[in-house]
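Novice: 66 is the number of the first residue of the sequence shown in my numbering; add one for each residue after it.
Rather than coming from a laboratory, the hints here were simulated on the basis of the structure.
Note that the structure is a prediction, hence the values are computed from the model and not measured.
Glycine residues also receive a C-beta, built at the ideal position from the N, C-alpha and C atoms.
Computed beta-carbon distance windows for the label pairs: (1) 179 x 159: 28 to 36 Å; (2) 201 x 116: 25 to 33 Å; (3) 92 x 162: 28 to 36 Å.
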Amino acid sequence: MSAAETRALIERYYAAFNAGDAEGMLACLAEDAVHDVNQGPRRIGRPAFAAFCAHMARCYRETLSEMVIMVAPDGRRAAAEFIVDGTYLATDEGLPEARGQTYRLPAGAFLAVQDGAITRVTTYYNLKDWEAQVLG
Numbered sequence: 066m067s068a069a070e071t072r073a074l075i076e077r078y079y080a081a082f083n084a085g086d087a088e089g090m091l092a093c094l095a096e097d098a099v100h101d102v103n104q105g106p107r108r109i110g111r112p113a114f115a116a117f118c119a120h121m122a123r124c125y126r127e128t129l130s131e132m133v134i135m136v137a138p139d140g141r142r143a144a145a146e147f148i149v150d151g152t153y154l155a156t157d158e159g160l161p162e163a164r165g166q167t168y169r170l171p172a173g174a175f176l177a178v179q180d181g182a183i184t185r186v187t188t189y190y191n192l193k194d195w196e197a198q199v200l201g
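With the hints as extra help, turn the sequences into a complete structure.
Specialist: Following this line, the structure appears as structure tokens:
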């Protein structure tokens, strides 16, 4: 894929995220895509990613803003930096109690792309910052 094609794929992926369209996100992923979050286990494959999306939709309502996407010249890797604007809807296991708290959190992701699909998404954010916001 070219860098422009990779950028368009990443833009579709995050547009689907902002639309709450898990199926649209899944359509951007390779069947055996790897998903790593900084607080949690590695998930492999679309079914595991779909289960993660369902869990997230139950516990959180989030949109991403201030998106900056950077793509390697060969189109095989990309990074995205963004702000997560969210509402904590339902208590997530091991985390503070949810009471509809809102939060605004800087975050980023590294992505790998091959054959027109995202093969890896690694997401980073500051969990202590999020906890301070929802406990505050």
